[in-house]
Amino acid sequence: MPGHWTQWLWAAVLVMWLVMMIRRWRAVKEATPDAKPGDWPAALLALAVVIGFVYLLIQYVKSS
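So the number in my numbering is just where the residue sits in the sequence shown, counting from 1, plus 4.
Read the hints as simulated data drawn from the structure, not as lab findings. Misleading hints may appear alongside valid ones.
[What the hints assert, rightly or not] Between beta-carbon pairs, the in silico distance windows are: (1) 7 to 40: 46 to 56 Å; (2) 10 to 67: 46 to 56 Å; (3) 33 to 58: 26 to 36 Å; (4) 57 to 8: 24 to 34 Å.
Here the structure is a predicted model, which means the values were calculated and not measured. Beta carbons are placed, not taken as given, at the ideal position from N, Cα and C, and that holds for glycine.
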(Lines of atoms letter the chains of each structure in order from A and count residues from 1; the text may use other names and numbers.)
(Lines give C-alpha, C1' and ligand atoms only; values in the text may rest on other atoms or scores of the structure.)
Protein backbone atom coordinates (compact mmCIF):
# COMPACT_ATOMS: atom_id res chain seq x y z
CA MET A 1 0.00 0.00 0.00
CA PRO A 2 1.66 3.27 -1.07
CA GLY A 3 1.99 5.93 1.57
CA HIS A 4 1.69 3.44 4.42
CA TRP A 5 5.05 4.39 5.91
CA THR A 6 4.09 8.06 5.91
CA GLN A 7 1.16 7.33 8.20
CA TRP A 8 3.51 5.66 10.68
CA LEU A 9 5.91 8.58 10.38
CA TRP A 10 3.16 11.10 11.11
CA ALA A 11 1.97 8.99 14.04
CA ALA A 12 5.50 8.99 15.48
CA VAL A 13 5.80 12.75 15.00
CA LEU A 14 2.45 13.35 16.73
CA VAL A 15 3.38 11.11 19.66
CA MET A 16 6.71 12.93 20.09
CA TRP A 17 4.92 16.28 19.89
CA LEU A 18 2.40 15.20 22.54
CA VAL A 19 5.17 14.01 24.85
CA MET A 20 6.98 17.33 24.48
CA MET A 21 3.79 19.32 25.07
CA ILE A 22 2.89 17.32 28.19
CA ARG A 23 6.38 17.83 29.62
CA ARG A 24 6.18 21.58 28.90
CA TRP A 25 2.68 21.81 30.41
CA ARG A 26 3.93 20.19 33.63
CA ALA A 27 6.86 22.61 33.83
CA VAL A 28 4.60 25.62 33.31
CA LYS A 29 2.10 24.29 35.85
CA GLU A 30 4.83 23.98 38.51
CA ALA A 31 6.27 27.45 37.79
CA THR A 32 2.92 29.28 37.79
CA PRO A 33 2.19 31.25 40.99
CA ASP A 34 -1.12 30.78 42.79
CA ALA A 35 -3.90 33.24 42.08
CA LYS A 36 -4.28 36.17 44.45
CA PRO A 37 -7.65 37.61 45.52
CA GLY A 38 -7.45 40.52 43.04
CA ASP A 39 -6.57 38.40 40.02
CA TRP A 40 -10.09 37.21 39.16
CA PRO A 41 -11.66 40.65 38.61
CA ALA A 42 -8.81 41.59 36.27
CA ALA A 43 -9.24 38.36 34.31
CA LEU A 44 -13.00 38.86 34.08
CA LEU A 45 -12.52 42.44 32.89
CA ALA A 46 -10.19 41.29 30.10
CA LEU A 47 -12.67 38.58 29.13
CA ALA A 48 -15.53 41.10 29.06
CA VAL A 49 -13.51 43.41 26.80
CA VAL A 50 -12.85 40.56 24.35
CA ILE A 51 -16.51 39.49 24.36
CA GLY A 52 -17.60 43.09 23.77
CA PHE A 53 -15.17 43.49 20.89
CA VAL A 54 -16.38 40.27 19.24
CA TYR A 55 -19.98 41.42 19.70
CA LEU A 56 -19.18 44.74 17.99
CA LEU A 57 -17.51 42.91 15.11
CA ILE A 58 -20.55 40.67 14.67
CA GLN A 59 -22.89 43.69 14.66
CA TYR A 60 -20.67 45.45 12.12
CA VAL A 61 -20.73 42.44 9.80
CA LYS A 62 -24.52 42.08 10.16
CA SER A 63 -25.10 45.71 9.20
CA SER A 64 -22.87 45.55 6.11
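Against the structure, the hints:
1. 7 to 40: 46 to 56 Å: For residue 7 and residue 40 the Cβ distance comes to about 53 Å; the hint holds.
2. 10 to 67: 46 to 56 Å: holds, 48 Å
3. 33 to 58: 26 to 36 Å: Check passed, 29 Å falls within 26 to 36 Å.
4. 57 to 8: 24 to 34 Å: Given about 47 Å between the Cβ atoms, the range is violated.
Of the hints listed earlier, the one the structure fails to meet is number 4.
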